[in-house]
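Asks: Residues per chain, in single letters:
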Amino acid sequence: MKEKKSKLIVTFHTVTAAMAMESACTAAGMPGRLIPLPREISAGCGMAWSAPVEARAQLEAFVKDRAIPAKGWYELQL
Amino acid sequence: MIYLDNAATTLKKPDCVVQAVTHALTSMGNSARGTHDSALQSARSVFQARSSIAKLFNAPGPERVAFTKNSTEALNLAICGLFNQGDHVITTDLEHNSVLRPLYRLESEGIITLSVVPADKTGRVDYDDFTRLLCGQTRGIVCTHASNLTGNTLDLHRIGQIARAHNLFLVVDASQSAGVLDIDMEQMGISVLCFTGHKSLMGPQGTGGLCVARDVDLRPLQVGGSGTESFSPTHPTEMPTRLEAGTLNGHGIAGLGAGVDFILETGVERIRRHEIALAKRFYDGVTNLPGITVYGDFSSWERTAVVALNIGDYDSGAVSDALWEDYAIATRPGAHCAPRLHNALGTAEQGAVRFSFCWFNTEEEVDTAISALRELAQ
Numbered sequence: 021m022k023e024k025k026s027k028l029i030v031t032f033h034t035v036t037a038a039m040a041m042e043s044a045c046t047a048a049g050m051p052g053r054l055i056p057l058p059r060e061i062s063a064g065c066g067m068a069w070s071a072p073v074e075a076r077a078q079l080e081a082f083v084k085d086r087a088i089p090a091k092g093w094y095e096l097q098l
Numbered sequence: 007m008i009y010l011d012n013a014a015t016t017l018k019k020p021d022c023v024v025q026a027v028t029h030a031l032t033s034m035g036n037s038a039r040g041t042h043d044s045a046l047q048s049a050r051s052v053f054q055a056r057s058s059i060a061k062l063f064n065a066p067g068p069e070r071v072a073f074t075k076n077s078t079e080a081l082n083l084a085i086c087g088l089f090n091q092g093d094h095v096i097t098t099d100l101e102h103n104s105v106l107r108p109l110y111r112l113e114s115e116g117i118i119t120l121s122v123v124p125a126d127k128t129g130r131v132d133y134d135d136f137t138r139l140l141c142g143q144t145r146g147i148v149c150t151h152a153s154n155l156t157g158n159t160l161d162l163h164r165i166g167q168i169a170r171a172h173n174l175f176l177v178v179d180a181s182q183s184a185g186v187l188d189i190d191m192e193q194m195g196i197s198v199l200c201f202t203g204h205k206s207l208m209g210p211q212g213t214g215g216l217c218v219a220r221d222v223d224l225r226p227l228q229v230g231g232s233g234t235e236s237f238s239p240t241h242p243t244e245m246p247t248r249l250e251a252g253t254l255n256g257h258g259i260a261g262l263g264a265g266v267d268f269i270l271e272t273g274v275e276r277i278r279r280h281e282i283a284l285a286k287r288f289y290d291g292v293t294n295l296p297g298i299t300v301y302g303d304f305s306s307w308e309r310t311a312v313v314a315l316n317i318g319d320y321d322s323g324a325v326s327d328a329l330w331e332d333y334a335i336a337t338r339p340g341a342h343c344a345p346r347l348h349n350a351l352g353t354a355e356q357g358a359v360r361f362s363f364c365w366f367n368t369e370e371e372v373d374t375a376i377s378a379l380r381e382l383a384q
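Chains as they are written, first to last, in the working numbering: chain A, 21 to 98; chain B, 7 to 384.
Since the hints were derived computationally from the structure, they do not count as laboratory data.
Be a bit skeptical, because a hint or two may be false.
In silico DSSO-like cross-links for lysine-lysine, where the CA-CA straight-line distance does not exceed 30 Å [as the list claims (entries may be wrong)]:
| hint | chain 1 | residue 1 | chain 2 | residue 2 |
| --- | --- | --- | --- | --- |
| 1 | A | 84 | B | 18 |
| 2 | A | 27 | A | 84 |
| 3 | A | 25 | A | 84 |
| 4 | A | 91 | A | 22 |
| 5 | A | 91 | A | 25 |
| 6 | A | 91 | B | 18 |
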């Protein structure tokens, strides 16, 4: 396994919201990608947006501006 | 073969639909069950389809578009998920059984009371009847946009105004109109718009769905796998997951999305004009043939490209069979799952032969069908 690094994790209520995040971020050149939801957040299945922690302020502003329904924001060692 | 049964299913699909389904079958995984490339390809395809459908109908957003296997499932979801004990619902004589039977079932179970706006012998309704039938318990109107039997439309702007004025839900069956008539959920005041993928949206069978206004919550008919919240004993409540239990028909939805994109690129109005020109050419060619009776209201061409008729008192099944056997022309005979309208038109016993035209039909095909009917009517 790779060495763990600090990551920003954004979660969503639905896959549709996650896909809206990916679509908007890809179009705008925002950092990050979709990953399986880490177990530290939930033992369930699902997907989350993973990005460098340094991008948090930029992404928070972006999500607010685009009205993307994010559920939670986390910084985890992954 | 000349295929004029497009109101049942469009046979010829745009090449992009065939390519999208083929690509999906060979490359896509499960759209909400992982983040490897195959799963994400499917999730992106489903999201793109939701976005295109929301754009076509001016729905509130992709998250308010839920997929089902057809209009019938969507209408069951809407009707059973919206109305409660003691509610009164208004519908019309123009409806397909996919509207009538869910309503009849709720009525027979003593959950709702039902009133029906009658149609006259040409299939027209009096819009004042919607208001006349209102009572204190009236909670909603459920109606088609276009009759599958005559092609006549209901004025959704007008019905939407009535629904808004009396704080009613408006559930619309767009099975025959989606993709060929303008539909604007917001302007028309539509609470739930139900559609199927395999007719005028040019997608595969097994696809359909419903668009739900932002202020409307539907009780789901099914709960189960959702791809999220695995350890919760209850199904997620957020749209569209709320209404989508189990794996979606991702392969079919890829084709549906391609069909809707084809319509958005081609233009609804351009498609409508082409289809109506064919229907008008056909109507003009057959309406005065001896022994032919055409059903419905043709005083306006604000309709879909459907012409239903009979020859004398011949069984409509026999006429349709002769068209197929002798001329290789595919039509639909008999009763068209619209029993109340057949009663209004006086065709309950004879049924009717329905000719329905699509974007891919040609004037030459129409002229061949006219010639065939001329010979059969002699």
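Asks: Next, verify each hint and record whether it holds.
Replies: Results for each hint:
1. A/84 / B/18: violated, 44 Å
2. A/27 / A/84: With Cα atoms ~20 Å apart, residue 27 of chain A and residue 84 of chain A stay inside 30 Å; holds.
3. A/25 / A/84: holds, 26 Å
4. A/91 / A/22: holds, 27 Å
5. A/91 / A/25: Between residue 91 of chain A and residue 25 of chain A the Cα gap is close to 22 Å, so the pair holds against 30 Å.
6. A/91 / B/18: Roughly 43 Å separates the two Cα atoms, so the pair is violated.
Checked against the numbered hints listed earlier, the structure breaks hints 1 and 6; every other hint is satisfied.
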